[in-house]
Amino acid sequence: MSAIYVTANFKETQVGLIRAGQSVRLEVDALPDLEIAGRVDSISPGTGAEFSILPPENATGNFTKIVQRIPVRIAIDAPPEVRRLLVPGMSVVATVDTRNAAGELEEISSRTQ
Numbered sequence: 001m002s003a004i005y006v007t008a009n010f011k012e013t014q015v016g017l018i019r020a021g022q023s024v025r026l027e028v029d030a031l032p033d034l035e036i037a038g039r040v041d042s043i044s045p046g047t048g049a050e051f052s053i054l055p056p057e058n059a060t061g062n063f064t065k066i067v068q069r070i071p072v073r074i075a076i077d078a079p080p081e082v083r084r085l086l087v088p089g090m091s092v093v094a095t096v097d098t099r100n101a102a103g104e105l106e107e108i109s110s111r112t113q
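First residue of the sequence shown: 1, per our numbering; consecutive thereafter.
One should not assume that every hint holds.
As the list claims (entries may be wrong) - Lysine to any residue pairs mimicking SDA-like chemistry, simulated, CA-CA at most 25 Å apart:
(1) Lys11 x Ala101
(2) Lys11 x Gly103
(3) Lys11 x Ile66
(4) Lys11 x Ile76
(5) Lys11 x Arg39
(6) Lys11 x Val28
(7) Lys11 x Ala37
(8) Lys65 x Glu12
(9) Lys11 x Ala75
(10) Lys11 x Met90
(11) Lys11 x Gly89
(12) Lys11 x Val92
(13) Lys11 x Gly46
(14) Lys11 x Thr95
(15) Lys11 x Ala30
(16) Lys65 x Val15
(17) Lys11 x Ile43
(18) Lys65 x Ile18
(19) Lys11 x Gln68
(20) Lys11 x Glu104
(21) Lys65 x Thr47
(22) Lys11 x Glu35
(23) Lys11 x Pro71
(24) Lys11 x Lys65
(25) Lys11 x Arg73
(26) Lys65 x Thr13
(27) Lys11 x Val67
(28) Lys11 x Gly21
(29) Lys65 x Gly16
(30) Lys11 x Asp41
(31) Lys11 x Asp97
Think of the hints as simulated: they come from the structure by calculation, not from any bench.
Using the sequences and the hints given, assemble the complete structure.
As structure tokens, this is what we get:
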């Protein structure tokens with residue numbers, strides 16, 4: 001248990017500024033008075049549906065746009081006494097600090113116009 005992590009499923013509209021290495025604040029529902037630090041370890045190269053055993057087949061004429069979820073792996077930086085309180089399946093709210101990437105999208109946008 002030297003390396004534990006959270007897999008957060010962010011909406012595709014939320015991952016535009018998420019980068020590996022950014023700091024994350026985790027709030028665990030079972031531990032309301034405790035804030036846990038973490039960092040973005042990796043972002044999945046595809047949505048959760050792309051890697052499922054039975055991916056949804058949307059070629060039925062249904063043109064409703066559905067926001068996909070993209071798994072983001074967050075490494076937990078917590079002391080052992082906090083780690084032992086965490087068990088698989090707990091509900092967590094993850095807040096990623098994306099301030100360092102805010103200007104990046106503006107720069108890309110201005111180059112493509």
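Verification of the hints:
Pair hint Lys11 plus Ala101 holds up; C-alpha atoms about 18 Å apart against a cutoff of 25 Å. For the suggested pair Lys11 and Gly103, the alpha carbons sit about 21 Å apart, so the restraint of at most 25 Å is met. Taking the CA atoms of Lys11 and Ile66, the gap is about 10 Å. The hint holds against a cut of 25 Å. Distance hint between Lys11 and Ile76 is fulfilled; the C-alpha atoms sit about 21 Å from each other, no more than 25 Å.
Proximity of Lys11 to Arg39 is assessed by CA-CA distance (about 18 Å); at most 25 Å being required, the pair is judged to hold. Annotation: proposed proximity of Lys11 to Val28 holds, straight-line Cα distance about 19 Å (limit 25 Å). The hinted pair formed by Lys11 and Ala37 meets the criterion: a straight-line CA distance of about 21 Å does not exceed 25 Å. Of the pairs offered as hints, the one joining Lys65 and Glu12 holds, with about 12 Å between alpha carbons and a cut-off of 25 Å not exceeded.
Proximity of Lys11 to Ala75 is assessed by CA-CA distance (about 19 Å); at most 25 Å being required, the pair is judged to hold. Straight-line distance between C-alpha atoms of Lys11 and Met90 comes to about 19 Å, which keeps the hinted pair within the 25 Å bound. Between Lys11 and Gly89, the direct Cα distance comes to roughly 19 Å. Compliance with the 25 Å bound is thereby established for this hinted pair. At roughly 15 Å between alpha-carbon atoms, Lys11 and Val92 fall within 25 Å of each other, so this suggested pair holds.
With a C-alpha separation of about 12 Å, the suggested pair Lys11 and Gly46 falls inside the 25 Å cut-off, and the hint holds. Between Lys11 and Thr95 the alpha-carbon distance is near 13 Å, which keeps this suggested pair within the 25 Å criterion. Restraint check for Lys11 and Ala30: satisfied, since their Cα atoms lie roughly 23 Å apart, inside the 25 Å limit. Distance restraint check for Lys65 and Val15: the Cα-Cα separation of roughly 17 Å lies within the 25 Å cut-off, and the hinted pair is therefore satisfied.
Distance restraint check for Lys11 and Ile43: the Cα-Cα separation of roughly 12 Å lies within the 25 Å cut-off, and the hinted pair is therefore satisfied. Between Lys65 and Ile18, the direct Cα distance comes to roughly 23 Å. Compliance with the 25 Å bound is thereby established for this hinted pair. Proximity of Lys11 to Gln68 is assessed by CA-CA distance (about 6 Å); at most 25 Å being required, the pair is judged to hold. Note on Lys11 and Glu104: the hinted pairing holds, with a Cα-Cα distance of about 19 Å set against a maximum of 25 Å.
A distance of roughly 14 Å separates the Cα atoms of Lys65 and Thr47; the hinted pair therefore holds under the 25 Å criterion. Our distance criterion of 25 Å between C-alpha atoms is met by Lys11 and Glu35, whose separation comes to about 23 Å. A distance of roughly 9 Å separates the Cα atoms of Lys11 and Pro71; the hinted pair therefore holds under the 25 Å criterion. A C-alpha spacing of about 13 Å is found between Lys11 and Lys65, which places the hinted pair at or below 25 Å, so the restraint holds.
The straight-line distance between the Cα atoms of Lys11 and Arg73 is roughly 14 Å, inside the 25 Å bound, and the hint therefore holds. Taking the CA atoms of Lys65 and Thr13, the gap is about 13 Å. The hint holds against a cut of 25 Å. For the hint pairing Lys11 with Val67, the CA-to-CA distance comes to about 6 Å; that is within 25 Å, so the pair holds. Simply put, Lys11 and Gly21 have alpha-carbon atoms about 19 Å apart, close enough for the 25 Å limit, and the pair holds.
Between Lys65 and Gly16 the alpha-carbon distance is near 18 Å, which keeps this suggested pair within the 25 Å criterion. As the CA atoms of Lys11 and Asp41 are separated by approximately 17 Å, the hinted pair is consistent with the 25 Å bound. Simply put, Lys11 and Asp97 have alpha-carbon atoms about 16 Å apart, close enough for the 25 Å limit, and the pair holds.
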